[in-house]
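Here are the chains, one letter per residue:
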Amino acid sequence: MERNNILREILSDPNLMQKYNITESELKELTTSAPYNKKIVEVLSIIINENDNHLNSSMIYKKIKKAHNIG
Amino acid sequence: MASIINSISFKNFFNYYGDYDTTKYDFEEGVNIVVADNGAGKSKFFNAFLWLFYDTVLNSDDKKTYPVKDFAVKIISDKAKNETSIGESIETGIKIEYSTGRYKFQIIKSFVATRIAEKLSDFDSWQITLNDVEVDKTDHVLPKYKPIYDVEEKYRVINQLILPTLRQYSFFQGEEVDKMIDFTKKSSIEDAVKTLTNISKYEDIAKIVQDISSKAYNDLNKQTKSTSDHNDRLEKAIELKKSLEDQLSQEIEKLNIQKELYETAEQEKNDLEQNFANAEKRKELDDKISQKSKVLRGVKEDYDNFLEGINSRFFDGGFSWISLGFEQSVIDFKNKIKDFRQKRYEKRALLNATENPNDYFTILPSDSPDAVTLQQMIESEHCHVCNRPAKKGSDAHNYFLKLKNRPNEANTKKDFVKNDLEDFFGNLQINASPFLNKFEAIPQSVMRTREKELELKKRLDKLNSELKALKTRRKDILIAGTESEVVDNTSNIINQYKGSIRRIEQASSRIERLQGNISELKTKISNTDKEITNLRPKDIPEGFTINYEMSQDLVEATNKAQARVFDEMVSLLENHANNHFKGLIKYNDIKGGVLNFEKTPSGGISLDYIDELGNEVSGASEGFQRMKKFAVVMAIISANTSQYNYPLLADAPLSAFGKAFNKGFFEAIPDVFPQSIILVKDLYDKDLDGKLTDLGQALLKSDTIKTLYLNEVDEELPQIERTTKIERRK
Amino acid sequence: MNSQEFRNNLLLKRPRYAVSRIPVLDAFSEKGSKSADYSRFGPYYEIYIYALMLGIKKKQRLPLPPRDLTKDFIEMGKWKRDSSLIDFLLMVIFTQTDDLQIDWNELEDMEQEGLNKVISNIVNLIEEYANGGLAYLEELWEKGELSNSHYMFIDLYKN
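Protein chains in written order, with this note's numbering: chain Y, 1 to 71; chain Z, 72 to 801; chain U, 802 to 960.
For reference, chain Y alone in the conformation it holds in the complex (with noise of 0.2 Å):
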């Protein structure tokens, strides 16, 4: 699936991967779909999945704040 490769690809990042405490076979098995298990992953995923839905970057800021839930 094209939308777990590009969040795999975004978190493979090392740095984040250290901060967040993700393992390298954690990641392999990320996916963009709930549940979701760290709160970054839920938030790249809503980003990834939304733009698919064409939604614009305020749209999706309504969804990442409920997902912190300050919204």
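Read the hints as simulated data drawn from the structure, not as lab findings.
Hints may contain errors.
What the hints assert, rightly or not - Below, simulated DSS-like cross-link-like pairs (lysine-lysine); rule was C-alpha separation at most 30 Å, straight line: (1) Z:K312 to Z:K325; (2) U:K859 to Z:K509; (3) Z:K670 to Z:K539; (4) Z:K730 to Z:K354; (5) U:K814 to Z:K489; (6) Z:K593 to Y:K38; (7) Z:K407 to U:K814; (8) Z:K363 to Z:K509; (9) Z:K409 to U:K872; (10) Z:K175 to Z:K215; (11) Z:K354 to Z:K215; (12) U:K872 to Z:K405; (13) U:K959 to Z:K371; (14) Z:K278 to Z:K225; (15) Z:K473 to Y:K62; (16) Z:K405 to U:K814; (17) U:K944 to Z:K409.
Model the placement of chains Z and U on the given structure of chain Y, informed by the hints.
Just chains Z and U now, with coordinates in the frame of chain Y:
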């Protein structure tokens, strides 16, 4: 499944006179070649696809494209026009059949022209009505085509033949390759990568996360303000960050300007190099032309002299043509001089006998026998003339003595005639001898003269046609040259070239400096940001902080991911291009090196060919440059993860390549393109029996080549009678 | 007169040609024509010699007009120097005994005056055959029957 073109046919389309069934090419999967000399329908063939895809045609006179409806009168075959009376109508069109795995499609684009006035080629003499594009479909099971009525569906069928985004790599004319792949232009490599990857998704995401990050920052700041009272240090830090960010965006703006300057200068440099190459090639041709002209003048002079000299062969003793037919005169002369001598001999003998009867018998020619022999005869008492003994004292011996003592004729010679003309006649015969023995050889000599003339003439004709070819080539270079032809003076070009290099260096060092500034600013911003985080009050809901931090991390990660995807694709392209390049230059005399993709400061890629020793091969030749680019085109196509599903349609992709490259080309293209239709003139040679060059002959036998057509237009005929003869050779 | 004197006397002669033949002479020699419509000879004497021999071949003997309508030519001795061409020509001339009505042996017994007459007859013969040859060429030329091949003269000469 790949789209495969099954056939294309024409109806009264340019010189393709006649109905669809008379001008039809059937094609197969694999390599198909249409061989045609200049003016024998290559560009017209190509034009059919321009009509199909874009409703335009390319006018070969001014190299501009025109909408079909505006250009219709020129599109109709002149012969067909000529055969249409006023009031009558005529149809012109193209028909293309192609199949995918399951379906077969037939597309017809056509128009009807009605003649309303006398002047054949006048646009006002014809009324044009464009017909609706007709698209029919069948699956391979059903024998009959069924029309498609939905307009969108029709265009989908047309586009599916070659997808619009891929046409630039799959449908082109020779010289376009140079322009379509220019990776020194950032946009060109980006285009290619965009075609090949989902990098645009990353771009979208990068934009979104950037937006989100700034929204998250604003929200966080709002929270800070609403929850805390006055905090000077925090506000200062926030302001500092703001100002640093303003600086950053200014620097980025500057960087972009410098990159643009760099790219422009680089572009100019490349154009000038091309111009240099052209100038060099022109110079080379000029040298050849002047050399050839000199040889030609020499041969022409020889030839003229030879012609002038033909008649002098009458009077030259070596040829003696003047004597032709005078054999009898020579025989007469010989008889006459014999009679003449006989008579004067008798006359003299008689005279002597009367004056000196005793000496009568001694009259032997003065030196016969010669004095030495006579002395021997006296001493040996033997006559060597009659081989008889002549003893001393005998009559015979006495006669020897008498002969020996015979009076010296010169002294005693008496004028027995008033005018002694013996020498006059005798000398005529002796002197004229060169003219007396050539009779039989003259016809042959005349023949050899003609042969020699033909030989010279042939040489002259050959030189003339060679010179003409060189001049045509020179003219072609002029046409291919850019508008900067006007400033075609070498020092001007050199100055421009130097200028562009200076600007490249300038932009390059500025880019470097700006990039330094930018990374410095980024560090400052990041440090300030850390300070801000520390200074923020602790009572802000956690979500805001995490939201901002996470979005910032994602901005960075996305940018990096985007760059990674880009770089990976470039290196994949580099690998593929190298593989194809090896195939393409297989028969060329270029020592194995590599095509190197070098990143330029402006984000483009320069294609350098690096030889075994690591040196750049500049390869000014247009053919070599185009070869590199074609390797890249093939790479773009083969780097596609899936199989490439579209045909290659190329008009004259080989012009400017050498023969060795052509061979490599035909072998290499099937690796990438499931079907290719190549229009070429390079395989045509009208002077040869089969009209094909030796490479053409070899390709006929090659398994790679599925069909080969030969187009011929009778140029002897007036334009209004011309048709295109299509001969399938394979 | 001995052989040398006889030869000298002969070769000092300057054969004449009719003024009316100048266009023909010009048309077929380099000296005369700038542009070459037809194959050409070099100097005048070449076309003259050719015409002479052609005249003999074709038995075209044609008397010259009165003296004031003629011009003289360079001495025969100067035709094609350093060549024995003239010897060959004289050989051919001297076999035309029917025309000349001379017996070579008789020449040897002639008085100076008689010999001069013979020389003059010979020159006359040359002039008349050359004139005949030129007339022949001129006729073909005017009728447009000459081919403009480089081999026109040899082709004409062969038949």
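Against the structure, the hints come out as follows:
Restraint check for K312 (chain Z) and K325 (chain Z): satisfied, since their Cα atoms lie roughly 20 Å apart, inside the 30 Å limit. A C-alpha spacing of about 21 Å is found between K859 (chain U) and K509 (chain Z), which places the hinted pair at or below 30 Å, so the restraint holds. A threshold of 30 Å between alpha carbons decides the hint, and for K670 (chain Z) with K539 (chain Z) the separation of about 44 Å lies outside it, so the pair is violated. For the hint pairing K730 (chain Z) with K354 (chain Z), the CA-to-CA distance comes to about 22 Å; that is within 30 Å, so the pair holds.
A C-alpha spacing of about 22 Å is found between K814 (chain U) and K489 (chain Z), which places the hinted pair at or below 30 Å, so the restraint holds. Straight-line distance between C-alpha atoms of K593 (chain Z) and K38 (chain Y) comes to about 28 Å, which keeps the hinted pair within the 30 Å bound. With a C-alpha separation of about 24 Å, the suggested pair K407 (chain Z) and K814 (chain U) falls inside the 30 Å cut-off, and the hint holds. Annotation: proposed proximity of K363 (chain Z) to K509 (chain Z) is violated, straight-line Cα distance about 40 Å (limit 30 Å).
A threshold of 30 Å between alpha carbons decides the hint, and for K409 (chain Z) with K872 (chain U) the separation of about 38 Å lies outside it, so the pair is violated. Taken as a hint, the K175 (chain Z) and K215 (chain Z) pair is honoured in the structure, with Cα atoms around 10 Å apart against an allowance of 30 Å. Note on K354 (chain Z) and K215 (chain Z): the hinted pairing is violated, with a Cα-Cα distance of about 61 Å set against a maximum of 30 Å. A hinted pair counts as satisfied when its Cα atoms are at most 30 Å apart, and K872 (chain U) with K405 (chain Z) does not qualify at roughly 35 Å.
Restraint check for K959 (chain U) and K371 (chain Z): the C-alpha separation of about 29 Å stays at or below 30 Å, so the hint holds. Proposed proximity of K278 (chain Z) and K225 (chain Z) is contradicted: the alpha carbons are some 36 Å apart, above 30 Å. With a CA separation close to 158 Å, the supplied pair K473 (chain Z) and K62 (chain Y) exceeds the 30 Å bound. Proposed proximity of K405 (chain Z) and K814 (chain U) is supported: the alpha carbons are some 25 Å apart, at most 30 Å.
Of the supplied pair hints, the one linking K944 (chain U) and K409 (chain Z) is violated, its CA atoms being roughly 45 Å apart against a limit of 30 Å.
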